Amino acid sequence: MAEDAVDVLIIGAGASGAAIAWSLVDTRMHIVCLEQGDWMNPSEYPSAHMDWESRATEAFSISPNRRGHATDYPINESNSPIAVANFNAVGGATILYAGHFPRFHPSDFRVRTLDGVADDWPIDYETLAPYYDENDRMMGVSGLAGDPAYPPKPAIMPPLPLGRAGTKLAEGFNAMGWHWWPSDSAIASEPYDGRDKCINLGACTAGCAQGAKASTDITYWPHAIRAGVELRTRCRVREITVRKDGMAGGAIYYDADGVEREIAAEVVIVACNGVGTPRLLLNSKSNLFPDGLANSSGLVGRNLMFHPYSAIRGTFETDLDGAKGPGNCIWSQEFYETDTSRGFVRGFTYEIGRGRGPVNTAVDHMLSGKVAWGENHHRSYRSVVNRITGMVGICEDLPEEHNTVTLDPELKDSDGIPAPRIDYTLSENSRRMLDYSIARATEVLEAAGAIDVQSTAPIPHGGWHLMGTARMGTDPQQSVVNEWGRSHDVKNLFIVDGSIFVTSAGVNPTRTIQALALYVADSMKQRLANLFD
Amino acid sequence: MRDVIASDSPYSSEEREVLRRVAGILIPSSDEYGIPGADDDLIFARILMLATEQAESIKSGIDALNALAIERHDDSFPQLNETQQTGLLHDEANSGFLRQVIRCTATSYYQDGRVLESIDLKSTPPFPGGHEIEQGDWSLLDPVKARAPFYRSIKAVRNRNV
Ligand SMILES: Cc1cc2nc3c(=O)[nH]c(=O)nc-3n(C[C@H](O)[C@H](O)[C@H](O)COP(=O)(O)OP(=O)(O)OC[C@H]3O[C@@H](n4cnc5c(N)ncnc54)[C@H](O)[C@@H]3O)c2cc1C
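Top line first, the protein sequences correspond to chains A and B.
No gaps in the numbering here: position 405 of the first sequence is 405 in my numbering, and each next residue is one more.
No gaps in the numbering here: position 79 of the second sequence is 1079 in my numbering, and each next residue is one more.
Next comes chain A alone, as it looks inside the complex:
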């Protein structure tokens, strides 16, 4: 028997859970969100400490396996060339995200039609456009209107500075005659909605102590809570319960003391991300749903997409920005749309970073032998530190059923809940796209004056975009949720995170994840009278 009963239960307080909680609040329903993590304390973020680069690889590591906090769950990723990056707290992975905030393009929703691969989405860019706008206002986006790579879209705040690194690479892109534009960033370039502006701490992906980066603990959540949503932290959901009539009944979870609790709900919304959501659904086995909840298609946990990343860096002869400034700067979508003469379908975005921290520069260069140790160390180090900049290539990952999130037969979290296992292979298309992105980036870096260019692909710890594992569609045999996020099998169960993506596009996903969450919320609000029909 459940101890408490609510109208709407949201599981997960990250990017999508926060957005849908805020949007549903005007229904005046009793909404509770269960989150396994804690509220963050910005004074504990690495950039408030001298040893920020060490802290960023330890307590604030992007790898849950490395962090191993009580609020984390382990992931068996031994059969994947790309490891998962996440964060489990109020704000979810937005605590650590870089805040690159591109939209999808209209063509991204029509991949099958245009390029004959993967599938089209059941919705289009026009459907999401108003929700993109709404989300932009809530998160606060810096950028510049007029990017020729996109349909017109608003810019709320001025772009982040180009700096020396952006200027240098802009020269390179211009020399090649290639597109570039200031990146849309979920980082406040001026005071916004109670948040202060970016002061160039240079440690965005370890948490923003200034509060300029739009993590949802400081954007959506304060508004949602003020309006009446109840957010319970340190509550880890083990399974979604099922009523006799086959509808979701609520959830069983463990509180901070490890005590098992149950909550009943009329509507359950899952927002645990592309790994946490399939894990939870697969853990929610019952007589009615022996293969896991909402899984009659067998697609829960399949079609995992990551975005394979290439990283290409150049060393220059003059000082650039070094460790100063947000990682976000400019992007290029010169190679975004399909051109089959390149040897692959679909495309990628370049996102130009600024520089590297002094420790990372020293360790990498000393280990590779590019910076001397011994008496020549200081001169040698000064020839690279503050002189490195470069970019990543974010390659569209196509859905493939054999890339999966399943339950590991042995690994469990600290509450004894089976942990996820990732099986992922890099496709030939991705491999070619990565190679191509490295070749073109090398050209642009050299055009900008780089004297040494280094690259890596795929970035082995770069599984920060988690998509596709409960995809949306109109056909219940080919998808897990319908075109407005409702499970085909369980009519009071909704999914709003990146798992519902049909394809991944060649851009970071969070702006689209949140626009989708707002769109699902609106679809629910419009159908309140017959939500379960």
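What the hints contain is simulated information worked out from the structure, not anything from laboratory work.
Predicted, not measured: the structure shown is a model, and the values here were computed from it.
Cβ coordinates follow ideal geometry from the N, Cα and C atoms, glycine included.
Each hint can be trusted.
Just a few of them, taken from the derived set where beta-carbon distance is under 8 Å, the chain A residues facing chain B:
| # | residue |
| --- | --- |
| 1 | Ala48 |
| 2 | Asp51 |
| 3 | Arg110 |
| 4 | Leu162 |
| 5 | Trp180 |
| 6 | Ile199 |
| 7 | Gly202 |
| 8 | Met366 |
| 9 | Leu367 |
Dock chain B with the ligand against the given chain A, drawing on the hints supplied.
Just chain B with the ligand, lined up with the frame of chain A:
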């Protein structure tokens, strides 16, 4: 501080002596830049803390280095002169031991305020003061602004969704 480290450290005083010597050779002090070497008290204390996690393998690396010193020069590593010590480290350059020590040494060294100031960073944490970044040359965007929209049109294509 040394006493605290000594009592908490998994390393014996002999092992610490070797590590400190290695750190000082990897990153020596510099009069030119006015900065200490990695064998400085504060910096070395942090190196020892960082080296706790892999103490077992670093300790066997120290044993191996001492053994090599005795084999080549008939004396333990700390007793050798700098040229001999440096020569041994060059021979060990690709060993797991030296890579671990480089990692700990560089990590500790480049988080020291005195060192950071010498490379144009602050001697305090990035927050709260932050950093200045110049705007850069926005006129570079003019040719891109002049470019016609080039995103792919989906007008008139029929949806083939799942
Ligand atoms: C280092 C890094 C850099 C990134 N950079 C970018 C970027 O620049 N741009 C971009 O668009 N994206 C970026 N991302 C990705 C971005 O953070 C995610 O796309 C986004 O946060 C996903 O939102 P979500 O709601 O799907 O899941 P999350 O934000 O991951 O939230 C899921 C929440 O669910 C909780 N949860 C999971 N399981 C349970 C359970 N069983 N019970 C209770 N709670 C549970 C988790 O604790 C977590 O808080 C980055 C991510 C990382 C890690």
